[in-house]
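Chains as they are written, first to last, in this note's numbering: chain F, 1 to 173; chain E, 174 to 346; chain B, 347 to 519.
Each hint should be verified, as a subset may be incorrect.
Which bits of chain F does chain E cover? Going by a derived footprint, with three or more residues having C-beta under 8 Å, they are [to be verified]:
no.: 1; region: 65-73
no.: 2; region: 80-88
Counterexamples of contact, computed for chain F against chain B with all Cβ distances above 10 Å [claimed, not checked]:
no.: 3; residue: 13
no.: 4; residue: 52
no.: 5; residue: 100
no.: 6; residue: 104
no.: 7; residue: 117
no.: 8; residue: 118
no.: 9; residue: 128
no.: 10; residue: 130
no.: 11; residue: 138
no.: 12; residue: 170
Hints were generated in silico from the structure; no laboratory data involved.
For clarity, every value in this text was computed on a predicted model and none was experimentally measured.
Glycine residues also receive a C-beta, built at the ideal position from the N, C-alpha and C atoms.
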Amino acid sequence: MGKTILITGGARSGKSAIAEARALGLAPSASYPNAIYIATAEAHDAEMASRIAAHEARRSQAWSTHAEPLDLTGALVATDGRGPRLVDCLTLWLTNLMLGGHDWRIAGRALVAALPVQVDPVIIVTNEVGAGVVPDNSLAREFRDAAGLLNQWVAAVADEVIFAVAGLPLKVK
Amino acid sequence: MGKTILITGGARSGKSAIAEARALGLAPSASYPNAIYIATAEAHDAEMASRIAAHEARRSQAWSTHAEPLDLTGALVATDGRGPRLVDCLTLWLTNLMLGGHDWRIAGRALVAALPVQVDPVIIVTNEVGAGVVPDNSLAREFRDAAGLLNQWVAAVADEVIFAVAGLPLKVK
Amino acid sequence: MGKTILITGGARSGKSAIAEARALGLAPSASYPNAIYIATAEAHDAEMASRIAAHEARRSQAWSTHAEPLDLTGALVATDGRGPRLVDCLTLWLTNLMLGGHDWRIAGRALVAALPVQVDPVIIVTNEVGAGVVPDNSLAREFRDAAGLLNQWVAAVADEVIFAVAGLPLKVK
């Protein structure tokens, strides 16, 4: 069965670069010509579009990219058997679910059920959002709570959990 | 002498569940039928009441609960000799002290003096609140500073310090 | 060649005290009578002036202090050969650069080039600012991103990286 690796950390903690190195280390081989990048980001505004473009520019030809803002579990099922998958990132997926009025708990449970039965590895990038002062508005608190719970759920089924600090990996599990 | 364990982490990092498991691992026995839950939370609003109820629902019959928003040191002294105590949490206690116009430094020093002389173990849950951007308003900065200092004081006398990441314990001390 | 040590953590996580202990551990000796404190803070307001005064009060006679809000690399070059340097802190230096309209990337690259060729050790304090919810305003997000990248750059050339939690050092590199 494929290995699930969760890589968490604050903004600009170097999570994506660590995750990309791990995914490429598991690919490519004779059987895996590519690693598969599953992008959950949607370009809602110019700032977001520029972040997505910067991420794409850094990735080499070793990657094939699938954009999937909502049906992450479906994207994993569809790409299984074709190489290691990098999901970047869980927090944006949660944002898309919540903004779209979907039940993130149902979607999260489906993801957690699908991960252990994947044949190819899945490396998931997520964000630590709960270590600042309590946000003023209740929507931000609700998002913060959901993000923390989703991280816990995925970490519970992950084979490996890494906390990124200043671009360096700290092994948690 | 009882062991002091401090469990810190961001919001929804799984601190309470880790702390509860540790407390129950130290209880119950022939001499300790229960673990003692010392709740510092006050239900100031509906959101808080709902969080408290969710916490209570998760805890089993193995617990006896003491609500103590202000005199935490008194609650520890009063419950010593009756089993391991779980304090949840230090940050809400600090909030109560500051909102009530009490001197948190005096109360904090009294707590730090009382911890090493407890006969039964004390497991304390606290929050990391200082790893976001600097808050705009000075009251939030003052609270953030106080929370960080209080965590340092308790960590200095603790036998064990754990940093919770995505529900997993990272040993710091 | 001198050792570079990066000490990161949230607000009031005990970073400065850990850094000061490390710097004094490398000084003083027959050849190094003092450790050198390079302060990047500027007293923009009364709160900041009070923080700076509190830091100064804690430091003993074992230190000589150099205030340098902008030309950090120049300050390192000028003090090399006179003892271990403690830079407190990288995040305030970045703030000064950005507020002054300087290009922090150019200044950051110059710092990263200078660190490995220092003869005497350099201990650098910095802040984790990216683990809260995403800030509302774009300037705060830009600062948060810059701070995270600068931390990564320095961590990449550092010999040792420490993450401070509740006053305790967690070794990352």
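We went through each hint and held it up to the structure:
1. 65-73: violated (count 0)
2. 80-88: violated (count 0)
3. 13: violated, 6 Å
4. 52: Answer for residue 52 (chain F): holds, closest chain B Cβ roughly 14 Å.
5. 100: For residue 100 (chain F), whose nearest Cβ neighbour in chain B is about 18 Å away, the distance exceeds 10 Å, so it holds.
6. 104: holds, 16 Å
7. 117: holds, 32 Å
8. 118: holds, 29 Å
9. 128: Since the minimum Cβ distance to chain B is about 4 Å, residue 128 (chain F) lies within 10 Å and the statement is violated.
10. 130: Violated: least Cβ distance 7 Å, not greater than 10 Å.
11. 138: holds, 12 Å
12. 170: violated, 5 Å
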